[in-house]
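Let's have the full structure, built from the sequences with the hints guiding it.
Per full-length UniProt numbering, the very first residue in the sequence shown carries number 1; after that it's consecutive.
Treat the hints as calculated values from the structure; they're not laboratory data. Just so you know, nobody snuck in bad clues.
Using C-beta positions, here's what the derived DEER-type ranges look like:
no.	residue 1	residue 2	range
1	Ala46	Glu13	24 to 30 Å
2	Ser116	Pro85	55 to 61 Å
3	Gly79	Thr51	20 to 26 Å
4	Ala46	Glu74	20 to 26 Å
Every residue gets a Cβ at the ideal spot worked out from N, C-alpha and C, and that includes glycine.
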Amino acid sequence: MRVFVLLFNAGTENEGIHTIQMGAINKVLMFESEDDATRYALLLEAQDFPTPTVEKIDSEEVAEFCRDAGYQAEMIEAGMLVIPPESNASELDWQKEEVPPAEEEFSEIPDAELDSIRRRLEGLL
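Shown next as structure tokens:
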């Protein structure tokens, strides 16, 4: 059966699937309806969550992923209104591998030499 799930960074090496954490359990929502999945994605976006992509996928593939990852799959029937939780995880699994911002590097050139270079460059103007 084909279902719709929400993916972040779809098609990249840093792709992640949307889950809801309930206690110690992570649930992957599988929507029967693309419209319902899109509506849920818009609700997430309204909560300043990164914009997810609605992707069509086989429910067996999702179930296998959930078994391998220790998650649970939850089917959301067409027309069922599901609202995202009010709080979001502060650290997302698919963000952990992002490259951290580069630390500011300081010049090893002494200030006096920098001033000399600056004066010569200004002299060219």
